[in-house]
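Going down the list, the sequences are from chains U and G. With my numbering as the guide, the letters of the first sequence map in order to residues 617 to 729. With my numbering as the guide, the letters of the second sequence map in order to residues 319 to 589.
There could be a bad hint or two in this list.
Per label pair, the in silico range of CB-to-CB distance [claimed, not checked]:
no., chain 1, residue 1, chain 2, residue 2, range
1, U, ALA694, G, LEU583, 41 to 47 Å
2, G, GLY561, U, ASN624, 23 to 29 Å
3, U, LEU627, G, ARG376, 46 to 52 Å
4, G, VAL467, U, ARG629, 16 to 22 Å
5, G, GLY363, U, GLN630, 51 to 57 Å
6, U, MET689, G, GLY536, 28 to 34 Å
7, G, ASN542, U, GLN630, 20 to 26 Å
8, G, ALA570, U, ILE622, 18 to 24 Å
9, G, ASN534, U, LEU619, 40 to 46 Å
10, G, VAL445, U, ASP675, 48 to 54 Å
11, U, VAL667, G, ALA516, 29 to 35 Å
Quick list of in silico lysine to any residue cross-link-like pairs, SDA-like style, CA-CA up to 25 Å [what the hints assert, rightly or not]:
no., chain 1, residue 1, chain 2, residue 2
12, G, LYS557, G, LEU583
13, G, LYS332, U, THR636
14, G, LYS450, U, HIS647
15, G, LYS332, U, ASP651
16, G, LYS557, G, ASN545
17, G, LYS431, G, GLU383
18, G, LYS450, U, SER650
19, U, LYS699, U, GLU673
20, G, LYS332, G, ASP416
21, G, LYS332, U, GLU673
22, G, LYS486, U, SER653
23, G, LYS424, G, GLY478
24, G, LYS332, U, LYS699
25, G, LYS486, U, ALA646
26, G, LYS450, U, LEU652
27, G, LYS450, U, VAL644
28, G, LYS486, G, ASP416
29, G, LYS332, U, ARG662
30, G, LYS486, U, LYS699
31, G, LYS450, G, LEU369
32, G, LYS486, U, SER650
33, G, LYS419, G, ARG498
34, G, LYS332, U, GLN630
35, G, LYS486, U, ASP651
36, G, LYS332, U, ARG640
Here's a subset of chain U near chain G, in silico, CB distances under 10 Å, partners left out [to be verified]:
no., residue
37, LEU645
38, SER653
39, MET689
To be clear, the hints were calculated from the coordinates, so they are not data collected in a lab. Glycine included, every Cβ here is placed at the ideal spot set by N, Cα and C.
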Amino acid sequence: MTLRDIINKLLRRQPASASTARERLQLVLAHDRSDLSTELLDQMRREILEVVAKYVEIDMDEGAVSLETEDRMTALVANLPIKRTLNGQIKLIEGSNQLKENSQEAEDKDKGS
Amino acid sequence: MATDTRVILICSGKGGVGKTTLTANLGISLARQGLSTAVLDADFGLRNLDLLLGLENRIVYTAQEVLEEECRLDQALVKHKKESNLSLLPAGNPRMLDWLKPDDMKRIVDMLKEQFDYVLIDCPAGVEDGFKNAMAASQEAIVVTNPEVSAVRDADRVIGLLNTNAIKPVQLVLNRVRPRMMANQEMLSIADVTDILALPLLGLVLEDEQVIVSTNRGEPLTLNSVNSPAAKCYLNIAKRLQGEDIPLINPAEESSGFGAKFRRLMQTKIF
Ligand SMILES: Nc1ncnc2c1ncn2[C@@H]1O[C@H](COP(=O)(O)OP(=O)(O)OP(=O)(O)O)[C@@H](O)[C@H]1O
Ligand SMILES: [Mg+2]
Numbered sequence: 617m618t619l620r621d622i623i624n625k626l627l628r629r630q631p632a633s634a635s636t637a638r639e640r641l642q643l644v645l646a647h648d649r650s651d652l653s654t655e656l657l658d659q660m661r662r663e664i665l666e667v668v669a670k671y672v673e674i675d676m677d678e679g680a681v682s683l684e685t686e687d688r689m690t691a692l693v694a695n696l697p698i699k700r701t702l703n704g705q706i707k708l709i710e711g712s713n714q715l716k717e718n719s720q721e722a723e724d725k726d727k728g729s
Numbered sequence: 319m320a321t322d323t324r325v326i327l328i329c330s331g332k333g334g335v336g337k338t339t340l341t342a343n344l345g346i347s348l349a350r351q352g353l354s355t356a357v358l359d360a361d362f363g364l365r366n367l368d369l370l371l372g373l374e375n376r377i378v379y380t381a382q383e384v385l386e387e388e389c390r391l392d393q394a395l396v397k398h399k400k401e402s403n404l405s406l407l408p409a410g411n412p413r414m415l416d417w418l419k420p421d422d423m424k425r426i427v428d429m430l431k432e433q434f435d436y437v438l439i440d441c442p443a444g445v446e447d448g449f450k451n452a453m454a455a456s457q458e459a460i461v462v463t464n465p466e467v468s469a470v471r472d473a474d475r476v477i478g479l480l481n482t483n484a485i486k487p488v489q490l491v492l493n494r495v496r497p498r499m500m501a502n503q504e505m506l507s508i509a510d511v512t513d514i515l516a517l518p519l520l521g522l523v524l525e526d527e528q529v530i531v532s533t534n535r536g537e538p539l540t541l542n543s544v545n546s547p548a549a550k551c552y553l554n555i556a557k558r559l560q561g562e563d564i565p566l567i568n569p570a571e572e573s574s575g576f577g578a579k580f581r582r583l584m585q586t587k588i589f
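Just chain G, with the same shape it has in the complex (with noise of 0.2 Å):
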């Protein structure tokens, strides 16, 4: 049984920045290092963890029988095929939307709590219900942004929310890092974002084509191909979370040559 359990918040503001994919391969690479983790599905009003972990077609029940006291939990519980330390909660049917409230989500992450290590909470996108109930249950959060002016400002939101609700630390991952735009300022930086939104980074992940690859094979990079620059920035910050000191990837030594010498030169600070 779990002592200190982390429950964290994985959450944005703005949709489609890479909650869902952070959720899976943190979970995949923490499960990894040896730790029982849950994932558990908060967007109940458009799943899809279970899609990209593979586990869509293992779902009996979900986490509305579950606190409808219609299951146990280690019924509804599905884990991972290759990686057993790793179980998922499915979200239940959209229409719990009606009725769910802040203590429906604490009571089934208290019961998460008595088994695993780790608890990551999928959040949907929004500031509304079903980012507030997820809150709720929530000690820790990890915001996930782009480097984008769309994303960085939504990502502000929430955090104003998590810091208004005592929720600490909150940390930031930026996703989808284009190394060469960022050399050619035409991407925010590193430094610019988390200036701007005053939270120490976890990480960075680089964007990376074989995400797409993995979720069409729902088979989480972290699970094989190691060596991709996305899965290597996974691994490094489940380690972070660990308390191990990684360095930060340097985005512009990603790309070499000429090219990337010249880029380099052009950004040299004259006065």
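Pulled out of the complex, with its shape left as it was, chain U reads as follows (with noise of 0.2 Å):
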């Protein structure tokens, strides 16, 4: 953070117009790169809650599928925070991705007691 974007946030002004450039500029060429129409990766995105959505419980208002570009290599990025699996219902920590772990960790529990 520089003194400019402080005195920015202090007089609540708009931050300078270079990061929401850069920022702009990094998610189109994601979409740009992937080839991919905004339609093909919204039902990419649909299907693959759905098939996420068999094995465990997700939170589908705070699940995000999104195209990440770095060095002009491009990564499908999910974060799906999982509520809990469908078998056994296990409660799994909520707001986390790590199923494997996590559920590891819970059927320990499940055993415990």
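Combine both chains into one complex, guided by the hints.
Following this line, the structure appears as structure tokens:
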């Protein structure tokens, strides 16, 4: 954070436009580079959520499937907070998407009780 | 006769970012270093390179007559009045676009390779046939862009195409840099653009009114006023192409005085 950013915050001014430009470019280029249309991306997002929902209960509102790009490499990034798994009805730590680790932990807890 | 001719495509995607100006100035600068240089106007639809070089009245034949074998290559080449190491091969009639194929461009460039150290190809805007024909005849490329979202986005498209066509190296020239706006963070920084496009920076060119003055006269900046900010930038780019290790200008240091000091203070990272 720079002095300018702090002053902008204090005065509730818009941030300098260069950072807005950078963020908008990164987003639009991730899409350009993947060569996926918005419709296809939406469809893929829906299907991914459907598949995941077969195994675990996810927070549909919190879930995000997006394209990110760095160094001309584009990655599909899914961040799906899991509420709980469906089989066994194990309660998982909310807001976490590390299914494997967490379910292991939860199973251990189950056995103990 | 030149043996390892470098054939460099000068392209951008977006129009009006400074390809033709760079081609003209780079051509002059390389020629000044004693390198025999040809600039090829591949913008058959909207040719302008002749005008920027002040050679518009000396064109007799063009690339078109060379391809149709109505004249020899050396009859079509226009030698620069003041810089005899530089020659222009003018673009033909816009109707050439109807029949021109990548192989035609290759034929022209192969002929030029026989007598020049450098062949610079001034590419049309866009990513359609005009660009693809010119790319087919090139080995390496310089992508010109401005620190603006639309220019950077279009440059990205072009870089993707250059990569799939195995053109390399591909280097970046960032044109129309305004130090004051960059210092105020109201313009994408140099690092922003090179990070996003992931290309090595061959050089940056400052925004400079003298560019327009020199265009009016038909005398590229590098021909005379080597003291203008943009002329220095073009010269540096030519030297780097030749492998010289010339440090980049720091735009922040281009503006001085109290205002610049204050802007630098504002930019200091605190946490
Ligand atoms: N560094 C600069 N400073 C100021 N003006 C510039 C600079 N570079 C280019 N220009 C101006 O920008 C305009 C476009 O330049 P130029 O014709 O070289 O672009 P281009 O990429 O070849 O355009 P086109 O896509 O139409 O062929 C011209 O008016 C030129 O004078
Ligand atoms: Mg042009």
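To see whether the hints hold, each was checked on the structure:
no. : hint                            : result
1   : U:ALA694 - G:LEU583: 41 to 47 Å : 42 Å, holds
2   : G:GLY561 - U:ASN624: 23 to 29 Å : 44 Å, violated
3   : U:LEU627 - G:ARG376: 46 to 52 Å : 59 Å, violated
4   : G:VAL467 - U:ARG629: 16 to 22 Å : 21 Å, holds
5   : G:GLY363 - U:GLN630: 51 to 57 Å : 40 Å, violated
6   : U:MET689 - G:GLY536: 28 to 34 Å : 45 Å, violated
7   : G:ASN542 - U:GLN630: 20 to 26 Å : 43 Å, violated
8   : G:ALA570 - U:ILE622: 18 to 24 Å : 20 Å, holds
9   : G:ASN534 - U:LEU619: 40 to 46 Å : 42 Å, holds
10  : G:VAL445 - U:ASP675: 48 to 54 Å : 41 Å, violated
11  : U:VAL667 - G:ALA516: 29 to 35 Å : 32 Å, holds
12  : G:LYS557 - G:LEU583             : 33 Å, violated
13  : G:LYS332 - U:THR636             : 21 Å, holds
14  : G:LYS450 - U:HIS647             : 23 Å, holds
15  : G:LYS332 - U:ASP651             : 19 Å, holds
16  : G:LYS557 - G:ASN545             : 16 Å, holds
17  : G:LYS431 - G:GLU383             : 18 Å, holds
18  : G:LYS450 - U:SER650             : 21 Å, holds
19  : U:LYS699 - U:GLU673             : 5 Å, holds
20  : G:LYS332 - G:ASP416             : 22 Å, holds
21  : G:LYS332 - U:GLU673             : 47 Å, violated
22  : G:LYS486 - U:SER653             : 29 Å, violated
23  : G:LYS424 - G:GLY478             : 21 Å, holds
24  : G:LYS332 - U:LYS699             : 47 Å, violated
25  : G:LYS486 - U:ALA646             : 23 Å, holds
26  : G:LYS450 - U:LEU652             : 23 Å, holds
27  : G:LYS450 - U:VAL644             : 24 Å, holds
28  : G:LYS486 - G:ASP416             : 29 Å, violated
29  : G:LYS332 - U:ARG662             : 35 Å, violated
30  : G:LYS486 - U:LYS699             : 49 Å, violated
31  : G:LYS450 - G:LEU369             : 24 Å, holds
32  : G:LYS486 - U:SER650             : 22 Å, holds
33  : G:LYS419 - G:ARG498             : 45 Å, violated
34  : G:LYS332 - U:GLN630             : 29 Å, violated
35  : G:LYS486 - U:ASP651             : 23 Å, holds
36  : G:LYS332 - U:ARG640             : 18 Å, holds
37  : LEU645                          : 5 Å, holds
38  : SER653                          : 16 Å, violated
39  : MET689                          : 9 Å, holds
In this structure, the earlier hints numbered 2, 3, 5, 6, 7, 10, 12, 21, 22, 24, 28, 29, 30, 33, 34, 38 are contradicted, and the remaining ones agree with it.
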